[in-house]
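Could you use the hints to bring the two separately framed chains together as a complex?
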Amino acid sequence: MRTLATIAAALAVAASFALSAPASAGTLEDVKARGSLKCIINTGLIGFAFTDANGQWQGFDVDFCRATAAAVLGDPNAVEFVNATGKTRFTLLNSGEGDLLYRNTTVTMSRDADLKLTFLGVNYYDGQGFIVPKSLGISSAHDLDGASVCIQTGTTTELNLADFFRANNISYESVPIETNEEARQTYLAGRCDAYTTDHSGLAATRASFDDPSAHVLLPEIISKEPLGPAVRQGDDEWADVVRWVMTALIEAEEYGITSGNADQLVSGSDNPSVRRILGVEGSYGSFIGLDEEWARRAIKSVGNYGEIFERHLGPNTPIGLERGLNAQWTDGGLLYAYPIR
Amino acid sequence: MADTTAHKDEEQAPITERIPAVGWVWKNLFSTPLNTVLTLFSLWLIWKVGFSFVDWAFLKGVLFADSRVACREISPHGACWGIISERFDIFVYGRYPHEHRWRVNLSFILLIVALAPVLWETMPFRKRGLLFTVAYPFIAGWLLAGGLFGLDPVNTRNFSGFMLTLVIGVTGISLSLPIGVALALARRSSMPVLRIIAVVFIEFIRGVPLITLLFIASVLLAYFLPPGTDFDLIIRVLIMVTLFASAYMAEVIRGGFQALPRGQYEAAEALGLSYWKSLQKIYLPQVLRISIPGIVNSFIGLYKDTTLVIIIGLLDPLGIGRSLLSDAKWAGLAAEMYLFVALFYFISCFAMSRYSLYLERKLEREQAAEQN
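For the record, the sequence lines run as chains R and L. Okay, so the first sequence: first residue is 409 according to our numbering, each after it adds one. Okay, so the second sequence: first residue is 776 according to our numbering, each after it adds one.
Honestly, the hints are just simulated from the structure, not real lab data. Among these hints, one or two may not hold up.
Here are the computed lysine-lysine pairs in the DSS-like style, where the Cα-Cα straight-line distance is at most 30 Å [as the list claims (entries may be wrong)]:
id, chain 1, residue 1, chain 2, residue 2
1, R, Lys542, L, Lys835
2, L, Lys1079, R, Lys495
3, L, Lys1137, L, Lys823
For reference, chain L alone in the conformation it holds in the complex (with noise of 0.2 Å):
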């Protein structure tokens, strides 16, 4: 008897417990009335956008074309992805010479080979990686502009494309966090002339616009050095955006130092450890764990801010992208080459904010271990 009614309630159950997915859709989705009409407004509105968008990208979109007249006279109304595939090159490389590309390559995969003991912490010789890490800006700096030791010079002038974003990108993010750890400590510190200079820099910075201080980079500085001097504009901009993304990283920092349970300090202070010891063992290590998300952000706002140079006339992946389309060529294929800089954009700075994820919660496994 027991057994048939189990069994009656099982048959009998409402479809939506005995399929969890199902369950799930009519709870979230279908539970009132205006629920219903705004989840079936949402799959509307998503097929209506997503399927105009995949056949004008992908169904009639055209790969590969030497101009825009040709795309449409293979698919009249579809993306032209020949602006991208004809012209990647330049994307990449900007106007960096032609003979000289094998530079750029090498430079690259230099960064990868420098990043890897930074982000894989069980790498065989770590230590020694991070020594080459600790190298590598001027490394590829030297690779880059060259002029030294039998390479040939090339004008920074001619830095531009995906290229310009990354030496942009990885100057600043690289020097930005050491400054930033310093101004946080000046600024935290009991000496009044340096806590005095950390402030006003630090608050300077973050009171002027980025775009502000770059336009200080490249017209008004020439007003200040001597007649004749030649301040490599690149760098001037490299310092400009160094310094602006180390002020903020000043802050992110600092605010791990004060979120630092006041007993780790009387701690510290009992062990009789001196400044600099303590720093090492106890403040920094639990700083920049809390600290994570905040850096992690700041990279991703310098990464993006590095298209800002194209107001100064600094040609980054936007403004080959506009170059091209004043090619009469290509010209009125707008949407493809911004849709193509967004998504290079996109994969670089998801993967940052991917890998501090798996920071965060290796470090919250590592934290959860030593308490245990």
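Just chain R, same shape as in the assembly (with noise of 0.2 Å):
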């Protein structure tokens, strides 16, 4: 008995040795060691990341990682992307394949705690909508009754979409789908009358038609899809770093620091604000390990959080989204980034 006792010890403390291995150095030595950032994002995603025409990763949240990477290191091009399935993103965060993610994750509370993850703010505000042909003649989902209704099978969306419809009073017909190709396909076929998932999903999908403007997405947001990025539980320094370069990237945005404009904001600017973020005043690049320069970098190699909603989702791109709940709190949005001072 008591060699078995010892033995059961002893194999507790190695698996748990083994396991917390990952999680104890320090991330950011690790990536400045390293000289690459390893940034886990989608497979691919229109407008949030893709490839381009030199096989270079491009998108939404792409562009996030490169902003961090040119935080840290100083160069926006020091990232190795990998690519996570929606399976996967989680077990390569925490097996430490990836420093962060920054792949449309919606922060929830069993992700953050249960999972073991931090989560460090929101980057994108989604929620689920609905996309439905114009020539069905219908302005809002309570017009839906009856219909049927494309819908991924295993995401929140099937069970927001039965609580939206239950509390509304309203039948419909589900037809299960398993990706966003075959659901456009089905939705295309007619074999149903709407389809429902993330607005900017079905904004990129109808992207996607031959002719756009033959559909319409619906006003309602049946649900809260806060998207953001995180990092493993437990190693606050790195949490920091990611916060802060996202933070910065939103205040610049309300301060009108661009990419174009930095430079000269160094030396031109009054606002303390601004002579904060660009690193003129104070140190706050040191509370979290990095020069002072920091920021200034970040918005220098991919623009303000503005500048790259424009590049990759706003109403120039083929996705034409409006900024609604992602504008500043300023003009009516949600984003109200926690001040740098």
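Following this line, the structure appears as structure tokens:
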């Protein structure tokens, strides 16, 4: 018995050591020593992560990775992109295969607490919506009585849909599908009257139709999907770096700092908030283990939040999303960056 | 009189006998009413599907355009092959750095050089060629990853596209055969330790899906390795794929050993040949010949299984295609992309299967010649 107990104890110690091992080293030091940032992104999502003509990753989430690399390492291209599916993203982060996660991930309590992640804010406020053909003549989700709706199985969208229709006492018929591409085909073939998923996804899908103007997004948003970056729980120093880089990009837009004018504002601005972000006043960089030009480099490499949004999702892109909830608080949106001071 | 009868008979012989093709068609396709109906239905189906496919893919297809919108302007209802022609480089090289792509090309040319002595048995200087074949995986690994002897290192995270398929496929295929033979011998060995190790290994690997092994490689290993070790993901995947293929190969080879007539073993023993000598001269040549269909079958299966790496975030051609479809310029061209990738796999696998047929026939002829 004693030997058995000893063996069991030894195994337990070994296992706890093995399981806690990857999280024990400081990620910031690891990244600096490695000279590159391992950023977990989507395997492909219109507007958020895709490969351009040169095979380089581009997109909304990708730019936040690049900004973080620019702030920490001084080079927006010092990023190793780790592509993750919806199933593998958290395991890859927790096993140390990636340093941070920017993969249109909804912040939820179970992910934060149960999966041992630390979420660092929200970089995109999404929500579940509907798309219908214009010919249906519907202008509100409340008119969808008796409609057949395409939904992706096994997602929260399925539950949200049931909740919404039950609360509003509307009958519907669900058409289960697996992937966005399949949904696109099914919907276009007329096998369902409406398709429901995240609003940004609907806009992107509509952009890929041959005649986008024949389809409308209904105004109702039936769920909250705050998308944000995450790191492993228990590495506060690294969490601070990622959080404040993202915050700096959002606050830069609030104070009108762009990739174009950041250098001029270094000497040309009297606004203390601007001077703090650009590292002219105070020593905020040293608080998070970086130099004083961290935010300036991040902004110069990819632009402020507004520039990133316009480049990948905004009205001038095929996706054509309005800022909506993702406008600054001063413009009636939800972006309310913690002050850098 | 006899003459005229014969002439008459010939004249009156039904058309089905006079023209063999017509006869074959009659006998096989229209012999009964049911057959006739089925034939007509199939013809209608082929016409319907085949024509609309040809119409979509070729007659109305657009070969060159720089976005889906541009394609639709030229031909609103045809295929848009622009996603292939504009992004062909990315399908082939993936994210391999532009300035180093010659290394991928050179590796591919060397692959053909390395394959030649294996496939072409009467090649001049074949012995020396085979030496190169053995060295090839290491040369190619050095060329692609670099970092030694003055070649710039290329991060293996950038291995993607068709080159990734070839890297995994060629490594798995070339290493699984020798390891498989060794495992099969170990499993047949009279030494208990060796046999048990082989049995446990083979049964474990065969009892676990490849996808699980890939997950272990990509996710679980990081928990067990000491912190800070950066064990290359591609290497981990190559090891897992090779182990997986070896276990299956071992069983194929073992099947070959069992198919060998008992007399062959007895003859080898009677001649007093040592274990290795009889293996080299008697067993292996026959076993490998018997096993060719099974071996090639495993190769083809392995080659196609490489596409599973998409699940762990490596970008094989399908992964590349998916990331291209996320580009708003090309979104919605899934059919074109999948067809193209399917064509690539078909060409490679069909070539392998034809070569194995040729090899079988040739070996059969040789065997027949020996017996005469």
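Proposed proximity, L/Lys823 with L/Lys1137 (alpha carbon, max 30 Å):
Violated, because 41 Å separates the two Cα atoms, which is more than 30 Å.
Measure nothing beyond the straight line between the CA atoms of R/Lys542 and L/Lys835; if it is 30 Å or shorter, mark the hint as holding.
The hint holds at about 28 Å.
Is the straight-line distance between the alpha-carbon of L/Lys1079 and that of R/Lys495 30 Å or less?
Holds, at roughly 22 Å.
Hint compliance for this structure: hint 3 alone is broken.
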